[in-house]
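Participant: Sequence:
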Amino acid sequence: MSRGHAQQWTVVEAIERPPAEVVAALAGFATTQIADCGGPVGVVGPGIGRIAGGAEFCGPAVTVWTKPGDILFVLKMPDVTRPGDVVAVDGGGRADAAVLGDIISGALVRGGVVGVVVDGAVRDVEGIDEVGLPTFARGTHPATGSNEGPGAINVPVQVGGVVVHPGDVVRGDASGVVVVPREHLDTVIAMARTVEQREVAWRQAVADGVSIAAATGADAVIAERRNAAATHLP
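Here the sequence shown is numbered in my numbering, starting from -4 and rising by one per residue.
In case anyone wonders, no lab produced these hints; they're calculated from the structure.
Be careful, since some hints might not be right.
Label-pair restraints from in silico Cβ distances [unchecked claim]:
no.: 1; residue 1: Glu121; residue 2: Ala213; range: 42 to 48 Å
no.: 2; residue 1: Gly204; residue 2: Gly122; range: 48 to 54 Å
no.: 3; residue 1: Arg105; residue 2: Pro41; range: 29 to 35 Å
no.: 4; residue 1: Thr5; residue 2: Ala213; range: 48 to 54 Å
no.: 5; residue 1: Arg188; residue 2: Arg(-2); range: 53 to 59 Å
no.: 6; residue 1: Thr189; residue 2: Gly40; range: 24 to 30 Å
no.: 7; residue 1: Ala1; residue 2: Glu125; range: 35 to 41 Å
no.: 8; residue 1: Gly156; residue 2: Ala196; range: 48 to 54 Å
no.: 9; residue 1: Asn142; residue 2: Val216; range: 35 to 41 Å
no.: 10; residue 1: Gly204; residue 2: Pro137; range: 50 to 56 Å
no.: 11; residue 1: Ser141; residue 2: Ile207; range: 49 to 55 Å
Beta carbons are placed, not taken as given, at the ideal position from N, Cα and C, and that holds for glycine.
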């Protein structure tokens, strides 16, 4: 886990966020459809999932890097967020010191934050459930580590192995978390829509009595590769 950041002690308050209608369009797709689209999408690695609060979120990222287990810069987050934001916390994956609890979650909710994803631990799960903030993290731990820094706000961070820049859009649901760079949103939305349309066609074909293997093209691939393998037999 990283105990330093090239921009530690930095607080950037003004960031560029994508248009609300573009964020809403991305929110219309499941993380699985976004991940399957083949576009420039970061898929957050295994181990980070829903801990408390609501079941899903989608919004522009306000980022925080903190020395693993330290809460100083997390306490600053409500001052720089706007309604609709998602807070992305790079806590270095530390599992034995929580960096977020119900008090800060309540402050974020009052400021209109729609979700939090933490590469690290959180606590006060019942309280977070009560305030309703969708909170995804590596796990829970009852104790915090320190309150002295360093940290940084709205700098590039890593969450689950994915680089997140301020203003990127973070989408989370029951299947996991994906990150779409702000500059590629229109491309990813178009590609995810193609995935959605393909899935609709598959479901309709199955409803009409076609086998899943035939509807999805698996039968055709198997036949093609079986024939190709047969031509290479001695």
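Participant: Determine for every hint whether it applies to the structure shown.
Facilitator: So, going through the hints one by one against the coordinates:
In this structure the supplied range 42 to 48 Å holds for Glu121 paired with Ala213, their Cβ-Cβ distance being about 45 Å. At about 51 Å, the beta-carbon gap between Gly204 and Gly122 stays in the expected band of 48 to 54 Å. Checked against the given bound of 29 to 35 Å, the beta carbons of Arg105 and Pro41, roughly 32 Å apart, stay inside it. At roughly 50 Å, the beta-carbon separation of Thr5 and Ala213 lies within the given 48 to 54 Å, and the hint holds.
Between Arg188 and Arg(-2) the CB atoms are about 42 Å apart, so this pair departs from the stated range of 53 to 59 Å. Distance hint check: the CB atoms of Thr189 and Gly40 are about 25 Å apart, consistent with the given range 24 to 30 Å. Separated by about 38 Å at the C-beta atoms, Ala1 and Glu125 satisfy the suggested range of 35 to 41 Å. As the Cβ distance of Gly156 to Ala196 is approximately 33 Å, the hint placing it in 48 to 54 Å is violated.
Our hint of 35 to 41 Å for Asn142 and Val216 is violated, since their Cβ atoms are close to 56 Å apart. Restraint check, Gly204 to Pro137: a C-beta distance of roughly 54 Å satisfies the suggested window 50 to 56 Å. Restraint check, Ser141 to Ile207: a C-beta distance of roughly 53 Å satisfies the suggested window 49 to 55 Å.
In terms of the numbered hints stated before, the structure departs from hints 5, 8 and 9, listed from lowest to highest.
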